[in-house]
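J.: Residues per chain are reported as follows:
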Amino acid sequence: MKLAWPDKPTTRLALQLGLVGCGMFVFAIWIMPPLYDAFCDITGLNGKTGDKYQSVASKIDTSRVIDVQFIATNNDGMPWKFSPEIKQVSVHPGEQTRINYVAHNPTDKDMVGQAIPSLVPYKAVNFFHKTECFCFEQQALLAGKDAILPMIFIIDQDIPKHIKTITLSYTLFDVTERFSKDELLNMVHEGP
Amino acid sequence: MAHGPAKGLTRWLYTTNHKDIGSMYLWFSFAMFFLGGIFALVIRAELFQPGLQIVEPNFFNQMTTMHGLVMVFGAVMPAFVGLANWMVPLMIGAPDMALPRMNNWSFWILPFAFAMLSSTLFMTGGAPNFGWTFYAPLSTTYAPPSVTFFIFAIHIMGASSIMGAINIIATILNMRAPGMTLMKMPMFVWTWLITAFLLIAVMPVLAGAVTMMLMDIHFGTSFFDAAGGGDPVLFQHVFWFFGHPEVYIMILPAFGIVSAIIPTFARKPLFGYSSMVYATAAIAILSFVVWAHHMFTVGMPIAGELFFMWATMLISVPTGVKIFNWVATMFKGSMTFETPMLFSIAFVILFTIGGFSGVMLAIAPADFQYHDTYFVVAHFHYVLVPGAIFSITAGVYYWLPKWSGRMYNETMGKVHFWLAFIGLNVTFFPMHFSGLAGMPRRIPDYNMMFADWNMISSVGAVLFGAAQLVFLYNVISTILSGKKATDEVWDNPEGLEWTVPSPAPYHTFTEPPAIK
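Keeping their order, the protein sequence lines are chains R and U.
So in the numbering used here, spot 143 of the first sequence is number 143, and the numbers just go up one at a time.
So in the numbering used here, spot 171 of the second sequence is number 171, and the numbers just go up one at a time.
Bound conformation, chain R alone (with noise of 0.2 Å):
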């Protein structure tokens, strides 16, 4: 069928303009988010990690030594306690390192929530690998209940020369609302 593009050229310009519109509107919903998102993974812009790094065989840098600090947030009406275990460590480029957050959900009803993180300085973003994080996935505490949260890094030995220092800040959101009741309970039973 051929598709019928009218002959009046009012109409037609109408059409047009019209067709342009909606790829507008196509543009602002559908490729300006997937375009920032983009943007803000090849910059490190928004201090956003990036997922499971499979770590590879390299030397450690003994040369060089990068204080790590952890912050914890948590985000407005999220009722946890929640923090690192220790608020700094200092670290070789190439060093596996463990550090763990713990948790404890003070409240009397099962929630769960997903820790976001956020990397400063935003150069250092693409140099810090997490191969385990806590921060993958949605954290279910049955009420009372406490939680260690272990996230092991390796800060990457091509890290610019200028940067001693790293935060790495977690914000932690109540996202009960998202999960049904079973669905918490297995998250709790398959947990560590």
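These aren't lab readings, by the way, just hints derived from the structure by calculation.
We treat Cβ as the ideally placed atom computed from N, Cα and C, and that holds for glycine.
Among these hints, one or two may not hold up.
[What the hints assert, rightly or not] Computed beta-carbon distance windows for the label pairs:
#1 R/H104 <-> U/I363: 43 to 49 Å
#2 R/D7 <-> U/A466: 52 to 58 Å
#3 R/Q16 <-> U/P269: 30 to 36 Å
[Stated by the list, open to error] With a straight-line cut-off of 30 Å between C-alpha atoms, the simulated BS3-like cross-links for lysine-lysine are:
#4 R/K8 <-> U/K184
#5 R/K8 <-> U/K516
#6 R/K87 <-> R/K145
#7 R/K81 <-> R/K130
[Claimed, not checked] Negatives, chain U to chain R, calculated, CB over 12 Å:
#8 R11
#9 M183
#10 F224
#11 F331
#12 V415
#13 A437
#14 R441
#15 M455
#16 I479
#17 D491
For this one, chain R is given, so just place chain U on it according to the hints.
T.: Below, chain U alone, put in the same frame as chain R:
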């Protein structure tokens, strides 16, 4: 030519006549201007003294939000569309708009959008209270329930603007009288053509932004919610990608109006016509690459700050060309100072002041101090009130004799001008000082140190509001009982609109005019 307007209410409901629809747009905009003005006076009354006296903080936030939304989408934009409806066909020698039925529709959905938006004031939880820029998560996670009505109101306003813009482009590109080449078009037609393209490009982006909000609120997506992998800063990028071209949508037609009025009362042709056209196009194109200067403080790399700073400053070049051309048009002209000319000269001076504070804000390192202070409020009111509002007022005084066939009262017009001019400066000039001293935007209470400037601003606001009542009275009394106007109205004005009788007959240019 016996075919005249229909009788009664259905004339207005069913009309496809560009003059009827233009008048309805203008009256609607006038009504919204007073509604938004009342909201502004509530703000100024609360800020008259430090401390909380008159309204609750939450209601105060609703007032700042509704004032901005109503003025931007209800007063300024429909007024420009109304002027375009009335004047574009008359200026290019066309019998009507290209798509008259769509024209009717794009007007008649507007009252519904604003009825819906205003109704949120009476809902549980109140009206939107997150500022006219409605940043997420204030407008999503923490929004009052009425936000959904706000979202659909924005959708309808956007649809109306896009249809209006399509109509204007189709009219200008297809319906010009033979001989009316693009570079012979009056500046008002040129600026509206470019504005209409901006509207089609960015109103859908605004619709996209509110649609993403809608999905975040009701359908569990996480475009702007960090907990689900989204990013609130994305909202600001999407919003300002719309928002910056939007501020030019509110000023480019103003440039066109002033470019029509100044030559008439300086009795010289417009200086540098083609440079005016190119400057307008340059401003429109640059408007797409400067959006992040509204968000210098979100945490951008230095390269980003520098790019957006320089791109923003670049805009002052084509804008400077325009200011220069208006001044050059007046230079050595035999000027007279009728009301439209007074408003136009005030436009040139005060818009330039607003432009200068804009350049100050464009300096990224300095913006960290000015950001979200009253300095920003002073800046955008200096470009919008003397920019958009004064130019619309000037346009109404300039063309009202053509529309109504009657001359307005010149003395009353001058009283209106001086009251508005003094009121505006008394209101907004002190905001520069309170802003530089650190007074934040959108707060119902403030430190004692800002008390004097705020009291002066509030007094000025009452004066400015009173001036608009003079305007309303003048317009109504002109239409009802003004002296008969001649067909030319002014002293040898340029443009096809002055070749038709006053008042302009219901149907004009059914035969295309000859273009010299």
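J.: Indicate, hint by hint, whether the structure satisfies it.
T.: Tested hints:
1. R/H104 <-> U/I363: 43 to 49 Å: 48 Å, holds
2. R/D7 <-> U/A466: 52 to 58 Å: 56 Å, holds
3. R/Q16 <-> U/P269: 30 to 36 Å: Given a distance of about 35 Å, which is inside 30 to 36 Å, the answer is holds.
4. R/K8 <-> U/K184: 25 Å, holds
5. R/K8 <-> U/K516: Satisfied, since the Cα-Cα distance of roughly 28 Å is no more than 30 Å.
6. R/K87 <-> R/K145: OK: R/K87 and R/K145 at ~23 Å, within 30 Å.
7. R/K81 <-> R/K130: Holds, at roughly 23 Å.
8. R11: Per Cβ check, U/R11 is outside 12 Å of chain R; nearest 25 Å; holds.
9. M183: 20 Å, holds
10. F224: Non-interface label on U/F224 violated, nearest chain R Cβ at 9 Å vs cutoff 12 Å.
11. F331: 40 Å, holds
12. V415: 43 Å, holds
13. A437: For U/A437, whose nearest Cβ neighbour in chain R is about 31 Å away, the distance exceeds 12 Å, so it holds.
14. R441: 22 Å, holds
15. M455: It holds; U/M455 is separated from chain R by about 36 Å at its closest Cβ, greater than 12 Å.
16. I479: 33 Å, holds
17. D491: Non-interface label stands for U/D491: nearest chain R Cβ at 37 Å, farther than 12 Å.
Checked against the numbered hints given earlier, this structure breaks only hint 10.
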